[in-house]
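Chemist: Listed below are the residues making up each chain.
Protein chains: 2
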Amino acid sequence: MATIAIIGAGAMGSGIGRQLAEGGASVLTYLEGRSPGTHERARAAGMEPASLEDIIGAEIVLSIVPPAEAIGVAERLSAAIGERPSPVTFVDCNAISPKTMNAVAAAFRPGQANVLDGSIIGLPPQPGKAGPKLYISGDRADKSAVLAAHGLHVRRIEGAVGAASALKMCYAGINKGMTGLGTAMLLAAIGSGADQSLKREMAESVPDLDRKLSSAIPDMYAKAYRWVAEMEEIAAFLGEDDPASQIFRGMAGLFQKMAEDRAGGGELADQLDALLGR
Amino acid sequence: MATIAIIGAGAMGSGIGRQLAEGGASVLTYLEGRSPGTHERARAAGMEPASLEDIIGAEIVLSIVPPAEAIGVAERLSAAIGERPSPVTFVDCNAISPKTMNAVAAAFRPGQANVLDGSIIGLPPQPGKAGPKLYISGDRADKSAVLAAHGLHVRRIEGAVGAASALKMCYAGINKGMTGLGTAMLLAAIGSGADQSLKREMAESVPDLDRKLSSAIPDMYAKAYRWVAEMEEIAAFLGEDDPASQIFRGMAGLFQKMAEDRAGGGELADQLDALLGR
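Residue numbers (numbering that gives the first Met the number 0), protein chains in the order written: chain A, 0 to 277; chain B, 0 to 277.
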């Protein structure tokens with residue numbers, strides 16, 4: 000029985016863990032310092048709490064954490080690996096820029112790990128639905144075969160460490176960026192009395208987009224705090240010289256505003272919900 | 000026979016002119032200093048070149064020009080109106096912020112004009128297709144009845160001068176912003192070798208959006224130079240205190256880059272077209 004370890008048991012980490020456990024793997028996770036809710040979610044997904052010592056003994060280790068924690072996870076693993084003779088296979092699956100991905104890889108000392116670049120596209124696995132895709136790049140991408148063998152939808156892409164991260168940045172930039180645009184302009188319309196006209200015009204002239212935003216915007220509120228760092232990663236990925244980097248610094252500010260709104264009672268969210276008929 | 004004047008005989012101005020002429024109006028336009036191509040386009044649309052003196056004698060005067068010219072048009076009309084006893088009915092139909100719209104209104108001296116706020120949503124009228132909508136706000140919006148009577152699709156919205164402009168800002172922010180997001184991220188994907196994976200992923204997981212961008216991005220190249228000012232108007236509309244204003248300053252920079260690319264031979268446009276299968 001293959002042993003697979005996952006650092007991070009949030010909605011995505013535990014969903015992937017459940018898929019792998021249902022696919023026949025023994026799935027370890029590291030829960031030190033995590034909340035009772037996270038412990039319960041991990042248990043329900045069939046994941047087994049383990050020490051870092053046990054984690055690094057797994058056939059492959061996935062990191063599925065908020066972007067800001069990605070480098071820290073690699074550093075702790077590197078410390079745990081120490082002088083261990085055989086390299087650990089490590090896949091960073093986080094929404095980070097290629098540059099941050101390179102910093103993750105550089106957190107390991109030579110010989111400590113086969114570092115693969117992963118990125119997850121799609122929502123966390125739900126019972127009865129197709130799960131997300133895990134894109135993987137890197138010279139040793141062949142080392143990820145155990146994941147597909149235990150039920151994950153893995154797609155390898157050409158290119159070194161950084162290519163999978165770039166794909167995630169581009170996809171998230173379009174998809175989450177669209178949610179940001181819709182949020183920004185519906186709020187502006189509410190503030191200027193153009194909200195009902197705008198909603199009607201969108202339903203008439205861009206019905207697909209209207210439908211998409213009507214679900215994507217309310218789905219965003221609870222995730223806005225995570226999207227801040229993700230938008231900053233996209234800005235960093237594009238680089239100062241690309242005028243589009245400014246778009247994503249603005250998106251980070253917008254999602255920060257929505258995260259603060261949620262923390263403060265959700266007044267803006269209520270206004271958006273009323274306009275969207277939620 | 001009603002006489003209607005249009006300042007600006009670009010694709011939109013001449014298209015609206017043609018609709019009104021076909022609706023039975025006599026349509027005047029002001030062409031001084033304009034290119035032979037514009038003269039020809041106006042003539043083909045059934046519009047008659049006229050002096051500013053004649054223009055201000057029309058039942059209603061529409062301004063349909065690039066955003067940066069909107070205030071200048073109002074100033075020239077004000078100078079032409081001078082001490083004329085009865086007010087001219089003037090509709091600014093441009094993609095400008097409510098604040099710029101107020102500056103347009105302020106360019107007239109008291110009693111010179113009934114100023115209405117207009118905004119056009121949709122593509123220029125095409126033979127055999129439904130034309131765009133002209134939204135109109137302002138206390139004297141009733142003065143626009145002659146437009147609907149001659150075939151324009153007019154929709155009055157509640158609110159003072161500024162409300163129609165706000166609607167246009169919000170709608171354009173979503174719609175053109177989406178084209179900007181797609182352009183920025185496809186270019187980034189091309190630059191980082193993630194382009195084919197991204198295109199395939201979009202076709203699979205967001206097919207509506209993939210189809211929309213595949214036509215909206217190539218349609219943008221020729222308009223990018225105009226969209227720069229429009230994005231800056233949206234940023235000004237949102238205001239410095241709204242983090243989303245930064246999104247649109249970034250969009251202005253991106254469309255500037257695409258306008259420069261077009262002027263310089265269209266290398267980026269060619270790369271995008273190749274990826275989009277155009």
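No lab work stands behind these hints: they were computed from the structure. As the structure is a computational prediction, the values presented were derived from the model and not from experiment. Some clues are possibly wrong.
The list treats identical chains as interchangeable, and a pair is accepted whether it falls inside one copy or across any two copies.
Claimed, not checked - Here are the computed lysine-lysine pairs in the PhoX-like style, where the Cα-Cα straight-line distance is at most 25 Å: (1) Lys256 <-> Lys132; (2) Lys198 <-> Lys211; (3) Lys198 <-> Lys98; (4) Lys211 <-> Lys132; (5) Lys128 <-> Lys98; (6) Lys142 <-> Lys256; (7) Lys211 <-> Lys142; (8) Lys132 <-> Lys198; (9) Lys142 <-> Lys222; (10) Lys128 <-> Lys198; (11) Lys211 <-> Lys98; (12) Lys98 <-> Lys222; (13) Lys128 <-> Lys256.
Chemist: Are the hints correct? Go through all of them and say.
Modeler: Hints, verified against the model:
Taking CA atoms no more than 25 Å apart as the test, Lys256 paired with Lys132 passes in neither setting, with 30 Å inside one copy and 33 Å between copies. Proximity of Lys198 to Lys211 under the C-alpha cut-off of 25 Å is found in both arrangements, the shortest distances being 13 Å within a copy and 19 Å between copies. Within a single copy, Lys198 and Lys98 get their C-alpha atoms only as close as 40 Å, which misses the 25 Å cut-off; across copies the closest is 22 Å, which meets it. In this homomeric assembly, Lys211 and Lys132 come within 25 Å of each other (Cα to Cα) both inside a single copy, at 21 Å, and across copies, at 23 Å.
When the C-alpha separation of Lys128 and Lys98 is checked against a cutoff of 25 Å, the pair qualifies neither within a copy, at 33 Å, nor between copies, at 49 Å. Within a single copy, Lys142 and Lys256 get their C-alpha atoms no closer than 41 Å, and across copies no closer than 41 Å, so neither meets the 25 Å cut-off. In this homomeric assembly, Lys211 and Lys142 never come within 25 Å of each other (Cα to Cα): the closest approach is 37 Å inside a single copy and 38 Å across copies. For a Cα distance limit of 25 Å, the shortest separation of Lys132 from Lys198 across copies, 15 Å, qualifies, whereas the shortest one inside one copy, 33 Å, does not.
Taking the shortest alpha-carbon separations for Lys142 and Lys222, neither the intra-copy value of 32 Å nor the inter-copy value of 48 Å comes in at or below 25 Å. For a Cα distance limit of 25 Å, the shortest separation of Lys128 from Lys198 across copies, 23 Å, qualifies, whereas the shortest one inside one copy, 31 Å, does not. With identical chains, the CA atoms of Lys211 and Lys98 are never at most 25 Å apart, being 31 Å at best within one copy and 31 Å at best between copies. Only within a single protomer do Lys98 and Lys222 lie at most 25 Å apart by alpha-carbon distance; the minimum there is 24 Å, versus 34 Å between protomers.
In this assembly of identical chains, Lys128 and Lys256 lie within 25 Å of each other by CA distance neither inside one copy nor across copies; the values are 33 Å within and 42 Å between.
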